[in-house]
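Trainee: Line order of the protein sequences matches chains A and B. With UniProt numbering as the guide, the letters of the first sequence map in order to residues 1 to 327. With UniProt numbering as the guide, the letters of the second sequence map in order to residues 1 to 334.
Hints in this document: simulated from the structure, not taken from any laboratory. Accuracy of the hints is not assured; some may be wrong.
[Stated by the list, open to error] Here are the computed lysine to aspartate or glutamate pairs in the EDC-like style, where the Cα-Cα straight-line distance is at most 16 Å:
(1) A:K82 / A:E72
(2) A:K275 / B:E139
(3) A:K273 / B:E225
(4) A:K270 / B:D179
(5) B:K209 / B:D148
(6) B:K76 / B:D179
(7) A:K206 / A:D94
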Amino acid sequence: MSEQKTQGKELLIAKGLKQYFPIGKDRFVRAVDGVDFSIREGEVMGLVGESGSGKSTIAYTVMGMYRQTDGEIIFNGTSITKNTKGRSKEFRRDAQIVFQDPGSSLNPYQDVRQILSLPLKVHNVVPKSDIDDKIREILQMVELPPDFMYKSPNSIGGGERQLVSIARALCSNPKFIILDEPTSSLDVSIQAKILNMLMKLQEEQKLTYMFITHDMGVMRNVSTKIAIMYLGKICEIAPTKTFYEKPLHPYTQMLLSAIPVISAEEEALKPKKIKCEGEIPSPVNLPSGCSFHTRCPFRQEICTKEDPVMQEVEPGHFVRCHLCQKK
Amino acid sequence: MAEKILNIEDLSIWYRTYRGYSQVVDHIHLHVDKGEKIGLVGESGCGKTTTMKTVMGVLGKDLIHIPNGTIDFRGKNVLTMKQSDLLELRRSGVSMISQSPMSALNPVFTIGQQLMDILKYSGKYNPRDKEALKNAAHEALTSVMLSDPDRIMASYPHQLSGGMRQRVCIASALITPKDLLIADEPCTALDVTIQDQIHHLLRELVEEKKRSLIMITHSLGVARELVDRIYIMYGGNIVESCRTEDLFTSPSHPYTQGLLSCVPRLSGGGLSAGIYGYVPDYVNPPKGCRFCPRCPYAKKICETEKPPMTEIAPDHTVACFRFGGEEQEKGGEA
Numbered sequence: 001m002s003e004q005k006t007q008g009k010e011l012l013i014a015k016g017l018k019q020y021f022p023i024g025k026d027r028f029v030r031a032v033d034g035v036d037f038s039i040r041e042g043e044v045m046g047l048v049g050e051s052g053s054g055k056s057t058i059a060y061t062v063m064g065m066y067r068q069t070d071g072e073i074i075f076n077g078t079s080i081t082k083n084t085k086g087r088s089k090e091f092r093r094d095a096q097i098v099f100q101d102p103g104s105s106l107n108p109y110q111d112v113r114q115i116l117s118l119p120l121k122v123h124n125v126v127p128k129s130d131i132d133d134k135i136r137e138i139l140q141m142v143e144l145p146p147d148f149m150y151k152s153p154n155s156i157g158g159g160e161r162q163l164v165s166i167a168r169a170l171c172s173n174p175k176f177i178i179l180d181e182p183t184s185s186l187d188v189s190i191q192a193k194i195l196n197m198l199m200k201l202q203e204e205q206k207l208t209y210m211f212i213t214h215d216m217g218v219m220r221n222v223s224t225k226i227a228i229m230y231l232g233k234i235c236e237i238a239p240t241k242t243f244y245e246k247p248l249h250p251y252t253q254m255l256l257s258a259i260p261v262i263s264a265e266e267e268a269l270k271p272k273k274i275k276c277e278g279e280i281p282s283p284v285n286l287p288s289g290c291s292f293h294t295r296c297p298f299r300q301e302i303c304t305k306e307d308p309v310m311q312e313v314e315p316g317h318f319v320r321c322h323l324c325q326k327k
Numbered sequence: 001m002a003e004k005i006l007n008i009e010d011l012s013i014w015y016r017t018y019r020g021y022s023q024v025v026d027h028i029h030l031h032v033d034k035g036e037k038i039g040l041v042g043e044s045g046c047g048k049t050t051t052m053k054t055v056m057g058v059l060g061k062d063l064i065h066i067p068n069g070t071i072d073f074r075g076k077n078v079l080t081m082k083q084s085d086l087l088e089l090r091r092s093g094v095s096m097i098s099q100s101p102m103s104a105l106n107p108v109f110t111i112g113q114q115l116m117d118i119l120k121y122s123g124k125y126n127p128r129d130k131e132a133l134k135n136a137a138h139e140a141l142t143s144v145m146l147s148d149p150d151r152i153m154a155s156y157p158h159q160l161s162g163g164m165r166q167r168v169c170i171a172s173a174l175i176t177p178k179d180l181l182i183a184d185e186p187c188t189a190l191d192v193t194i195q196d197q198i199h200h201l202l203r204e205l206v207e208e209k210k211r212s213l214i215m216i217t218h219s220l221g222v223a224r225e226l227v228d229r230i231y232i233m234y235g236g237n238i239v240e241s242c243r244t245e246d247l248f249t250s251p252s253h254p255y256t257q258g259l260l261s262c263v264p265r266l267s268g269g270g271l272s273a274g275i276y277g278y279v280p281d282y283v284n285p286p287k288g289c290r291f292c293p294r295c296p297y298a299k300k301i302c303e304t305e306k307p308p309m310t311e312i313a314p315d316h317t318v319a320c321f322r323f324g325g326e327e328q329e330k331g332g333e334a
């Protein structure tokens, strides 16, 4: 969609981000295990991976729902992880999140007006008397009729519910929105509508997105750059076009070759069929060396012993694999 | 041609609700030949699962009302079967893989016990011969590519991962010889790489043992990979049925076209606008074509009359007035 829009300054930088969850004595679930990435202003970074790879944990850690085990997050030039009392109010205004399941992230006892007015009050976006007008304006932004204000989340459909949670995220005029699988619980016809809406808003409001999904087809059409996660680590980051045309990491190739597609044209784009073997290992007992070696068809001696480091193979294209580094 | 193993004729299924009858399935025709793999594709709430559950005879008479239609399975009408015949049907005729492997297995019994129970009541084994039952269960688990079947037999469902559980469900569906396997979105809860494995497995097992398969799915991509023939369902009607390759080269019903254009492509090219509107209310469904309120080509006649299934090419039928009666196709950008 917008391939060349990567000129802005870096809005969010994560350096060596780690998030461990203790389970018993000296045992941890290593949900996120040393992740580096940066998102520039106006970019849509896609975060893909299987369930249990730590995508959502990254989102929650950035938002401050967990206290990170290690590493640093820099937002808009200032480190936000130094503050031990959670995130500052400015950050909470500038960064918002849309959750996967709108059914459980909207309070069923409140109507849409109450849901949307809370962020407006907290962040003093408009004077109290103008709140209703502002709500109508925001509902219009997501193309919902103004009388939606008085409906409860239970009485509306799944797609509309997700629109309400997008509206809620927009209330505080954010710069950055994390979209945590916003369409995976919806049907394709509604999904297309919501994705269009999100992309339109991104353009109009000059938003930056971190878009989490497991649908590679969606990712191709919305993101400007893609990071792929496996077992708490990012194994490949590349601009969208490169990512689909020249995937380097064996896991990326495996994932891309497994997608069911609907036209011969797409079939041709998929990398050569790599037989999928095994399942994602437990993040408690990580495999030695490269965490993907248990499923990798190209594994070699070194992969079982040494963990590869992230390396830039061409501008903007980072891969974490022993095999790609030799070149 | 080949013998029809399942033949659904003019079937309607209504749910009883407080607001009146909810007409979830409306006059559908569907058939499955022996050894054939068919796909039933549609969005959530279009009646796919309801139809298949009725085939299994698992929806009680207090829940549903069937005003018309027949379901012939191997020449017998499932709808008028006695309870004992229904049990026989489920024992040796049809099996179903459910959508969520998490809830399909009983959490308080081990996998081994559950598999052996199926064998015990299948009538194919001597229930006292524990050794034979165990061996058969063992073999079934091996056939679905589960390594270490002994450990799995001894474990409870919560000790297994989602992919393993779904494999166990497939194993239990295929453990006794059955003619028809219904897979109800077996992979929606799983990751693509696991999904790929399960699909391979399903295809191999079905082809190898000459079973028939009905694949219920909302993903056209999955249907394209797996099945021979596709039925597209919308709002309780089957709107288009054809061979898989025809559907992707010449989709004809406006809904099919819309659905195809909605799928985000790997090759890029932006997003489509989606299909305008929402699925119909089943208690008061539109009088004519149920897709009419959302259809870009809707005409006067669509509002009042139901379009008949018209054959537009061999094995390709469409329920749309654009193809029925006088040919008056209005040019559109397909």
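Trainee: Need the status of pair A:K82, A:E72: alpha-carbon distance at most 16 Å?
Mentor: holds (8 Å)
Trainee: Hint check: A:K206 vs A:D94, CA-CA at most 16 Å. Holds or violated?
Mentor: holds (12 Å)
Trainee: Does the alpha-carbon distance linking A:K270 and B:D179 stay inside the 16 Å limit?
Mentor: Given pair A:K270, B:D179 is violated - Cα atoms ~35 Å apart, limit 16 Å.
Trainee: Please verify whether A:K275 and B:E139 have alpha carbons no more than 16 Å apart.
Mentor: violated (23 Å)
Trainee: Given the hinted pair B:K209 and B:D148, is their alpha-carbon gap at most 16 Å?
Mentor: This hinted pair is violated, its Cα atoms lying about 24 Å apart.
Trainee: Compare the distance between the alpha carbons of A:K273 and B:E225 with 16 Å, and conclude whether the hinted pair is satisfied.
Mentor: Distance ~13 Å between A:K273 and B:E225 Cα, so the pair holds.
Trainee: Checking one constraint from the list: CA of B:K76 to CA of B:D179, max 16 Å. Satisfied?
Mentor: Holds. B:K76 to B:D179 sits at ~14 Å (cutoff 16 Å).
Violated hints, listed in ascending order, are 2, 4 and 5; each of the other numbered hints is respected by the structure.
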